[in-house]
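A.B. asks: So the chains spell out like this:
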Amino acid sequence: MTACPECDATVVRNDKVLGEVFPCPDCGTELEVFGTTPFTVQPAPKEAEDWGE
Amino acid sequence: MSDGLRLGVFYTIIRPEEKWILAAAESRGVGVVRIDDGDVTFGLDRPDVAADVVLNRSVSHTRSLYATRCFAHYGVPTVNSPDVLEVAGDKILASLRLAERGVPTPRTVVALSPEAARKAVERIGYPAVLKPAVGSWGRLMAKVSSPEEAEQIIEHKEALGSPLHSIFYVQEYVPKPDRDLRVFVVGSEVVAGMYRRSDRWRTNAARGGTTEPLPITPELRELSLRAAEAVGGGVLAVDLMESPQGLVVHEVNPTPEFKALTAVSGADVAGAIVDYTIGVARR
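Chains A and B supply the protein sequences, listed in that same order.
Residues in the first sequence are numbered consecutively from 1, following the working numbering.
Residues in the second sequence are numbered consecutively from 54, following the working numbering.
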């Protein structure tokens with residue numbers, strides 16, 4: 001487990017993979033799995049203008 | 054059977070779609086090379102990435118364009134190809150291609166300056182829809198119902214500063230039921246389809262639209278395959294509307310999401326994409 005960089009809530013890895021984006025269960029900030037061993041997270045990249053399908 | 058095939062997955066972030074793709078590759082015994090679009094570098098003289106084929110899942114149109122060109126330079130095929138990404142990722146180029154191939158599409162006028170944009174809107178008539186040439190998820194789209202509204206939108210777009218915001222893609226507003234249709238094409242097959250419903254004029258799932266299963270009629274299948282073929286073919290989500298004159302194709306998405314489609318249709322979209330990509334590697 002690790003801490004949300006925004007609100008310091010505990011975040012658990014479970015089956016999350018490197019690069020996966022998920023919301024912090026407490027504050028809802030979008031987080032990205034930055035490392036798996038050890039488990040680390042960072043705020044997910046912000047949506048850019050050319051993002052899409 | 055993998056034959057030692059190495060499937061590169063070029064990505065920005067890992068969403069459920071990418072997790073399903075990774076799982077589908079693993080279940081087929083294919084080795085996966087993950088390529089982070091924010092981390093990879095490309096030399097001119099040698100491949101920096103050891104993959105036999107690359108599946109583009111980057112959400113950035115710009116990164117996708119340059120990366121697939123680099124992979125092509127190395128002789129590594131990509132899904133979709135750089136040409137398909139270039140055409141389908143740009144609404145102006147895609148509309149030209151659809152019109153050239155006789156695929157029914159909403160009436161569209163392109164303008165290259167704010168002054169010309171005012172004329173373009175007058176040519177289309179009201180209500181009209183202004184869309185960015187590049188972009189998705191309904192971002193920066195505007196429906197204008199009067200010259201005053203058009204003026205405000207054109208001024209705002211001009212103020213955004215980027216030269217691309219002074220390129221105007223103006224389309225007729227299609228009076229349609231509160232839904233549009235999405236058909237997912239992989240190669241020469243239609244994998245699944247869904248209705249996207251919203252009580253607002255934009256029905257994008259990313260805008261909170263809801264989804265329902267879409268039966269694939271022969272007409273829908275034929276039109277969707279023609280639209281996909283018009284932009285070069287591959288893995289493509291064809292968006293259609295039910296206009297009073299019949300079905301019209303308004304968009305062909307070259308790096309489509311399929312989380313909602315998988316949920317509503319039960320189709321193994323990720324598996325179909327991986328199988329198709331493996332097939333491209335073996336051509």
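Keep in mind that the hints were calculated from the coordinates and are not lab data.
Take these hints with a grain of salt, some might be off.
[To be verified] Ranges of calculated distance between the beta carbons of each label pair, as one might list FRET restraints: (1) A/A9 x B/R160: 49 to 57 Å; (2) A/E30 x B/R176: 39 to 47 Å; (3) B/G96 x A/F34: 19 to 27 Å; (4) B/S215 x A/T40: 31 to 39 Å; (5) B/R160 x A/A48: 40 to 48 Å; (6) A/E30 x B/T94: 37 to 45 Å; (7) A/G35 x B/P100: 36 to 44 Å; (8) A/R13 x B/E242: 19 to 27 Å.
[What the hints assert, rightly or not] Below 25 Å or equal to it, Euclidean Cα-Cα: the simulated DSS-like pairs (lysine-lysine) are: (9) B/K312 x A/K46; (10) A/K46 x B/K229; (11) A/K16 x B/K312; (12) B/K229 x B/K196; (13) B/K172 x A/K16; (14) B/K196 x B/K172.
Ideal placement from N, C-alpha and C gives every residue a C-beta, glycine not left out.
A.B. asks: None of the hints should be skipped; say for each whether it holds.
C.D. replies: Against the structure, the hints:
With their beta carbons about 51 Å apart, A/A9 and B/R160 fall inside the hinted range of 49 to 57 Å. Remark: the range hint 39 to 47 Å for A/E30 to B/R176 is upheld by a beta-carbon distance near 41 Å. A hinted range of 19 to 27 Å holds for the C-beta pair B/G96 and A/F34, which are about 26 Å apart. The supplied range of 31 to 39 Å is met by B/S215 and A/T40, whose beta-carbon atoms lie about 35 Å from each other.
Separated by about 30 Å at the C-beta atoms, B/R160 and A/A48 break the suggested range of 40 to 48 Å. As the Cβ distance of A/E30 to B/T94 is approximately 26 Å, the hint placing it in 37 to 45 Å is violated. At roughly 26 Å, the beta carbons of A/G35 and B/P100 sit outside the given window of 36 to 44 Å. Between A/R13 and B/E242 the beta carbons are some 37 Å apart, a value that contradicts the proposed interval 19 to 27 Å.
Taken as a hint, the B/K312 and A/K46 pair is honoured in the structure, with Cα atoms around 20 Å apart against an allowance of 25 Å. For the hint linking A/K46 to B/K229, the alpha-carbon distance of about 33 Å lies beyond 25 Å, and the restraint is violated. With a C-alpha separation of about 17 Å, the suggested pairing of A/K16 with B/K312 holds against the 25 Å cut-off. In summary, the hint linking B/K229 to B/K196 is supported, as the alpha carbons are separated by about 14 Å, within the 25 Å threshold.
Between B/K172 and A/K16 the CA atoms are separated by roughly 52 Å; this puts the pair beyond 25 Å, and the hint is violated. Pair hint B/K196 plus B/K172 holds up; C-alpha atoms about 16 Å apart against a cutoff of 25 Å.
Of the hints listed earlier, those the structure fails to meet are numbers 5, 6, 7, 8, 10 and 13, in rising order.
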